[in-house]
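Enquirer: What follows is the residue order along each chain.
Protein chains: 2
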Amino acid sequence: MTGRIAVIGLGPGSPEQVTPEAARLVAEGQEFFGYAPYLDRLNLRPDQVSNASDNREELDRASAALKRAAEGKNVCVVSGGDPGVFAMAAAVCEAIEAGPAEWRDIDLVVVPGVTAMLAVAARIGAPLGHDFCAISLSDNLKPWEVIEARLEAVARAGFVIALYNPISRARPWQLGKAFENLRRILPGTTPVILGRAAGRPDERMAVMRLAEADAARADMATCVIIGSPETRIIERGERGPLVYTPRFLVAEAVR
Amino acid sequence: MTGRIAVIGLGPGSPEQVTPEAARLVAEGQEFFGYAPYLDRLNLRPDQVSNASDNREELDRASAALKRAAEGKNVCVVSGGDPGVFAMAAAVCEAIEAGPAEWRDIDLVVVPGVTAMLAVAARIGAPLGHDFCAISLSDNLKPWEVIEARLEAVARAGFVIALYNPISRARPWQLGKAFENLRRILPGTTPVILGRAAGRPDERMAVMRLAEADAARADMATCVIIGSPETRIIERGERGPLVYTPRFLVAEAVR
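Protein chains in written order, with this note's numbering: chain H, 1 to 255; chain A, 1 to 255.
Same shape as in the complex, but just chain H (with noise of 0.2 Å):
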């Protein structure tokens, strides 16, 4: 008997940017796994199972979700933003992968959703408006001289930068590292957006020059966006700043 396994995206965080298609799957599910914020967020009926779980679980997570499909259980793993962006459905793969063979014959779907950089992107302007990459900060799952090169090839390609995990209490100085190793190849003048839980009620949107960006005022929560020498801000007044990215490149700004 087997039964299915949905890795479900909930978006960043608002019910109106939830997909039908995820909250199908959700109404579906018989059993649930996930980080407790997201599984708290689901509102399951008393004969739905809820296994919330350390975020750093994420592998024990997956198998332990693809036992449970094995054995003929309707079973989500949920995930905030896009399940594969920096989140589950890697670990749901990597388990199957080192798994038992019979795990290959699960059914497995993949529900995306919009991940955090869209989600903060959309509330400035376009700051994504042209060619970008997305580099999660955390160095427990890579070295941090490889993230620092990384950094550095993209930045002199000319790619807008996203970066996920920029900070937690285990990892308080990478962030303000990566910005002091941006300002020896960007203008100062760069724009630096800081988005704070985009889209629910405790969401907060810091639009700041590279030069003075500071790390102090990111959080787990916090999807930074930094520009390439082509991103513009446009001053609005009262309506606050809008920060895009050019659709075309300007010839003088390549390097």
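Among the hints, a few may not be true.
Since copy identity is lost for identical chains, a pair holds within one copy or between any two.
With a straight-line cut-off of 25 Å between C-alpha atoms, the simulated SDA-like cross-links for lysine to any residue are [said to hold, decoys possible]:
#: 1; residue 1: Lys73; residue 2: Arg236
#: 2; residue 1: Lys67; residue 2: Lys177
#: 3; residue 1: Lys67; residue 2: Gly240
#: 4; residue 1: Lys67; residue 2: Pro246
#: 5; residue 1: Lys73; residue 2: Gly237
#: 6; residue 1: Lys67; residue 2: Ala149
Rather than coming from a laboratory, the hints here were simulated on the basis of the structure. This structure is a prediction, so every number in the text was calculated from the model and none was measured.
Using the hints, position chain A against chain H.
Expert: What follows is chain A alone, placed relative to chain H:
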């Protein structure tokens, strides 16, 4: 009198992937601007006005929409996927910056959506599970040499690469050249995904190795994802392969 302009992402194509926020703003809209195939998805009421335009007239379309919003209308500009990713949000910002001062007073709302690379990734596993970038292959708006330099920089730095606008009648050779260049940098075994029309009835997903990647199998509706040296394929027999990029970095693959 000042109206509102909502720049709305309709997601990759399935109605189940349109967020409730996008659906609400469409229901509230009076006048609609966009590329015809996106407007065709909307099922507008008789009292809602549709202004279809060619795909290449983005700045004109943005200005026309802002003009109507400045006249007090509730205007919607629609994009497929996410409006901030190689789509209308940047064009609207460009038009605001270049336009009359009163356009800065218009209420602008950008509604994020599931962008193509997330939808394609979800259908095939988790290829974007680690650091990744998005590049438009269109050289209408930037020189081809810049695109080549960017591809080389991110491939050497270990990013997964999502290519938007990979091919069209006016740009027939660029994707083939990109594959050719990447073969000099990445292993021939690197997984490549051609993901067409994810979530639509005419969806088509193909997984191949970079050594055999054939640009002729892509079209305008395709999003191409090229793995990093870390990206893996899990064979599953009849279920078809899963492709994923592990969350951790295997040390020996670092270059």
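Enquirer: None of the hints should be skipped; say for each whether it holds.
Expert: Status of the hints after comparison with the structure:
no. : hint              : result
1   : Lys73 with Arg236 : between (53 Å within a copy, 20 Å between copies)
2   : Lys67 with Lys177 : neither (41 Å within a copy, 44 Å between copies)
3   : Lys67 with Gly240 : between (50 Å within a copy, 21 Å between copies)
4   : Lys67 with Pro246 : between (48 Å within a copy, 20 Å between copies)
5   : Lys73 with Gly237 : between (55 Å within a copy, 22 Å between copies)
6   : Lys67 with Ala149 : neither (38 Å within a copy, 45 Å between copies)
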